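Residues per chain, in single letters:
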Amino acid sequence: MSAPAAPARQPFAPTAPVTGGIGESPRRPDGTLKVKGEFAYSSDLWAEGMLWGATVRSPHPRARIRAIETADALTMPGVLAVLTSDDVPGRKTYGLEIPDQPVLAWEDVRYQGEPVALVAADHPETARRAAALVAVDYEVLDPLVDPEAAMAPGAPPLHPKGNVLRHIRIRHGDQDATAEVVVTGDYEVGMQDQAFLGPESGLAVPDGQGGVDLYVSTQWLHVDRDQLAASLDLPPEQVRITLAGVGGAFGAREDLSMQIHACLLALRTGRPVKILYSREESFFGHVHRHPARLRYEHGAARDGRLVYVKARILLDGGAYASSSTAVCSNAACFAVGPYDVPGATIDCAVVYTDNPPCGAMRGFGAVQTCFAYEAQMDRLAAELGMDPVELRLRNAMGTGTRVPTGQAVEGAAPVAELLRRLQAVPLSEAPPAGALDLRELPGGVSNVTHGEGVRRGVGYAVGFKNIGYSEGFDDYSTARIRLSVVAGEPQVEVHTAAAEVGQGLVTLQAQIARTELGVERVVVLPADTQVGSAGSSSASRQSWMTGGAVKAACEAVRARVLERAAAKLGSPAASLSLRDGEVVADGDRGMALADLLAGEVVEETREYHHRQTQALDPETGQGEAHVAFAFAAHRAVVDVDTELGLVKMVDIATTQDVGKAINPQAVEGQIEGGIAQGLGLALMEEIQVVDGEVRNPSFTDYLIPTVLDMPPVRLDVLELGHPDSPYGLRGIGEPPTISSTPAIVAAIRAATGRPLTRVPVRPEHIVGVPAPESRDRPAAGAGRAGPPEGGDEGGDGSDPDPGSAVSEPGRPDPARGFPTATQAPLDPDRDGG
Amino acid sequence: MRVSCAINGEPRHADDVWEGESLLYVLRERLGLPGSKNACEQGECGSCSVYLDGVFVCACLVLAGQAEGSEVVTVEGLAAGDDLHPVQEAFVEAGAVQCGFCTPGLIVATHDLLARNPSPTDPEIREALAGNLCRCTGYEKVLDAVRLAAGRGLWTATGDPSGRGLPSRSGAPGTRGGDDAGPRAGEAGT
Amino acid sequence: MPVPPAELTAELTIAPGDDRAVVAGREAAAQTGLALDTGPTTTALSGGRREVLDALSRVLDAALSAGATTVEVKLEVPTDARDPG
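Chains as they are written, first to last, in our numbering: chain Z, 1 to 833; chain A, 1 to 190; chain H, 1 to 85.
Hints are computed from structural coordinates only; laboratory data are not their basis.
Do not take every clue at face value.
Said to hold, decoys possible - Estimated spans, in silico, between C-beta atoms of each pair:
id	chain 1	residue 1	chain 2	residue 2	range
1	Z	D586	A	N117	53 to 61 Å
2	A	A130	Z	G768	27 to 35 Å
3	Z	G90	H	E7	45 to 53 Å
4	A	A130	Z	A382	35 to 43 Å
5	A	D16	Z	R456	32 to 40 Å
6	Z	G90	A	D16	34 to 42 Å
7	A	Q66	Z	D651	55 to 63 Å
8	Z	D651	A	A130	49 to 57 Å
9	A	A130	Z	E48	26 to 34 Å
10	Z	G173	H	V77	46 to 54 Å
Computed from a predicted model, the values in this text were never measured in an experiment.
We put the CB at the ideal spot given by N, CA and C, even for glycine.
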């Protein structure tokens with residue numbers, strides 16, 4: 001069988017010239033294609049003879065499969081294949097950290113939407129109809145949806161290891177410290193979704209020799225490739241991935257979605273297969289942000305100095321592990337906030353439930369804890385009669401402060417400076433009385449207020465997070481740089497596997513090459529697995545890691561070129577440099593680079609590793625676990641219609657230290673976009689899960705901010721450098737999402753006096769009407785404090801030993817020592833379920 | 001069925017179209033025009049925005065058969081060869097393009113806005129673009145792009161500085177290309 | 001972002017694939033706290049080298065006592081993603 005023709009619309013190198021170096025804001029090399037509608041996203045791919053794949057998904061959050069009947073689907077005209085788990089030739093499970101997730105379920109179904117079978121047909125509608133004809137006989141079971149119940153002794157294990165996936169303990173400083181002033185709080189963060197616009201999609205093309213080429217939107221090509229090779233039972237060289245255009249990611253593309261599925265169908269049918277999720281299917285097709293229940297106790301002296309922070313954090317990981325163990329670690333490590341606190345007692349656990357699987361989303365655990373600890377700081381300030389910003393300044397972290405895991409912060413830790421600069425930004429004037437523009441009021445043109453009942457509030461928050469991976473993981477990126485002469489001019493090709501997901505990485509790579517080699521014409525090749533791994537486009541790490549790899553490979557190329565030039569010019573290489581396509585000797589023009597190369601090619605590949613980090617001690621959580629940190633602060637101004645609970649964002653100001661802005665325009669774009677996602681979590685975004693079922697899988701009911709929701713953003717970007725990174729840059733993508741949410745909620749509290757302990761904030765919380773679910777059932781997506789009701793979900797409700805979970809002989813108990821939930825919430829009039 | 005219409009000024013047709021296919025599907029999968037995007041196919045996101053007989057619509061909500069005999073203009077029809085339309089140029093310059101998935105829809109929406117209202121205020125821009133979702137940019141640089149394009153003062157009595165003469169809407173007030181539009185103050189350049 | 005990968009993974013395919021031997025192997029694996037469900041007739045143990053090797057003998061013992069006639073064991077030392085070429 002001959003290989004089918006290559007896809008007619010496939011990704012190709014963005015060749016629009018990038019004209020600037022480091023510190024400038026050149027046009028994106030893919031910008032022209034994107035505005036013309038000619039940029040090939042994974043959902044735009046097409047190949048001759050292409051088939052469409054569709055996925056059969058479980059409607060039940062928990063079930064056992066008794067039988068799967070595929071005959072009716074197979075005999076439908078236009079259907080070429082129907083596959084089940086039996087047809088997975090290699091490993092039948094996959095996973096980022098733990099391979100616990102079935103490619104196709106064979107017995108246990110653990111979440112609503114779990115893939116059970118696949119169909120390939122010649123038209124997407126045929127594929128959909130055939131998928132509906134696949135008859136799956138389910139034994140429907142009661143889902144375990146309460147994370148507290150999932151940890152309770154006697155809970156049915158959803159996985160062989162039990163339900164507690166990880167429990168991080170941090171014990172820092174004096175564990176018996178007391179304080180004059182103590183404030184406590186219970187907080188909740190709902191399940192946010194990344195809601196990227198480009199649907200999950202890709203095209204798998206069999207090569208006719210048993211292997212496959214996959215064109216797909218993803219965040220880490222090589223980890224996809226390795227999981228594919230394992231499940232397809234192919235050597236890695238026979239699975240080649242090329243990055244197709246990505247329509248946003250934000251963490252949701254780290255886990256596999258349709259990759260193995262499309263390749264299975266392509267290899268079975270011998271034809272290219274495209275899978276494209278609908279928006280509804282997309283809500284079931286990727287992981288979400290972990291819902292969290294957080295209980296905090298802050299102890300401080302009368303003068304405001306923090307003495308200790310105690311936190312109990314429970315994350316609902318849903319059906320499969322994804323990156324939950326790392327999210328748990330991040331939440332724990334950043335549970336206290338950017339403050340200098342002598343004592344910390346943190347217990348953070350993530351559990352399996354039959355809820356939708358949760359994993360990476362921008363902020364990665366630090367979002368949930370920032371909401372809680374910033375609310376606590378405001379409570380403490382109120383208790384002390386102190387200005388909230390003053391309290392934060394008094395406790396602000398600085399260079400050398402030890403985080404609760406014991407590591408001292410290196411380089412700038414400008415927490416106090418960020419807050420002072422924010423305070424200095426003048427507040428916008430309230431509109432003059434009588435000037436009525438409905439569009440400036442809460443509710444907008446719905447005409448629900450003319451200003452009556454509207455109160456303005458201002459709130460501040462500051463947060464931080466690590467940049468890059470942690471706990472001893474040897475993270476790296478690879479770059480291949482090729483310098484040659486094309487049509488008489490020097491040209492640089494940059495080849496990495498780094499996923500451009502919109503952030504501007506492709507522009508940055510070209511800027512670095514231009515700066516390091518002084519060559520105008522730089523081409524960034526499509527990202528694929530023909531070069532070494534670049535790691536994931538996540539953890540705010542790519543500018544640092546792939547930037548570092550590109551820089552290192554360019555330096556290697558430059559060294560070879562200058563050595564050759566030194567021989568030719570008779571000057572020491574140390575006195576030579578590359579600029580504007582020329583070899584320059586002590587500032588004077590030496591010779592043209594094109595002449596020096598004389599038709600030869602200079603190519604170098606380099607791997608860039610960051611310095612080593614350590615694992616966290618399992619008992620104390622101490623360890624030098626992180627590469628670097630990044631800090632941001634936000635101030636939000638809101639107008640609230642206190643009668644209807646509607647919020648109008650007036651403006652947001654932010655200060656953020658980015659180390660070095662390689663591309664200032666792209667930096668601003670990332671900050672503004674991150675704030676929008678923080679705003680979404682504060683005001684409107686939540687996957688509503690009831691009994692394991694998603695109630696709002698559409699943009700009609702999962703609301704993301706529109707241009708009417710976003711206020712003007714006032715940016716103050718600091719470049720304080722970093723001792724350890726390429727060009728002194730820090731990662732920038734996540735901090736804007738972290739402290740924007742608590743700043744907005746703080747502003748609403750200031751306007752209304754409501755405690756607002758849950759995000760997203762709903763109108764009924766602002767107005768003070770208890771929502772129905774607070775009376776009847778657990779809040780959506782997360783458990784509730786208190787023992788589960790009589791025996792319905794495995795717990796028997798009468799725990800004889802409140803101290804710790806009972807362990808069975810021989811089975812290690814990760815929940816050991818995790819504080820149990822108490823009977824009553826700490827705040828009797830706490831709002832929102 | 002066969003669907004015949006004019007796309008970006010050229011007569012096109014698609015055969016074997018299933019009756020349930022949307023105009024968006026036919027554009028993307030049958031006519032080689034994937035510029036209009038499929039972020040939701042439910043009319044919620046605006047990524048599929050096109051002109052249908054001069055009216056700004058979501059192509060995902062138009063059945064292919066409804067477009068029979070119509071004139072359709074997509075994002076692919078706005079540039080003149082290699083020269084970007086001023087709206088497209090402004091989006092790239094202002095940094096309004098990150099992943100770019102929302103970009104075609106926003107460009108058509110902006111094109112429509114400026115043709116109707118060449119000097120929109122910020123609240124007017126926001127209202128006009130409220131039907132287009134973007135997840136990457138936070139909209140700040142999108143607003144910059146619209147202001148940049150508007151500020152170049154290129155919109156003339158014919159409404160479209162590219163000179164492509166999009167079909168006018170009949171009967172609608174403020175129709176561009178009509179007598180009531182009048183000459184615009186300030187030609188090219190700001 | 002990910003935790004350091006497990007030092008060793010042992011994947012066991014138990015035959016005959018009828019209930020008794022597989023279930024016995026699965027239960028023994030579950031007791032060790034290292035188990036992963038990786039397929040209809042397989043179970044996997046994942047963790048530190050010493051603990052996986054210790055657990056392996058217990059699981060094999062249980063499967064054999066329950067009538068397993070063949071157990072295929074595949075030991076893998078996980079490596080990070082590297083391009084082979």
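A quick look at each hint next to the structure:
1. Z:D586 with A:N117: 53 to 61 Å: Holds, since Z:D586 and A:N117 (Cβ atoms, about 58 Å apart) stay within the stated range.
2. A:A130 with Z:G768: 27 to 35 Å: 30 Å, holds
3. Z:G90 with H:E7: 45 to 53 Å: 22 Å, violated
4. A:A130 with Z:A382: 35 to 43 Å: Because 37 Å falls inside the window, the suggested range holds.
5. A:D16 with Z:R456: 32 to 40 Å: 60 Å, violated
6. Z:G90 with A:D16: 34 to 42 Å: 38 Å, holds
7. A:Q66 with Z:D651: 55 to 63 Å: 43 Å, violated
8. Z:D651 with A:A130: 49 to 57 Å: 19 Å, violated
9. A:A130 with Z:E48: 26 to 34 Å: 40 Å, violated
10. Z:G173 with H:V77: 46 to 54 Å: Violated - the Cβ-Cβ distance for Z:G173 and H:V77, about 38 Å, lies outside 46 to 54 Å.
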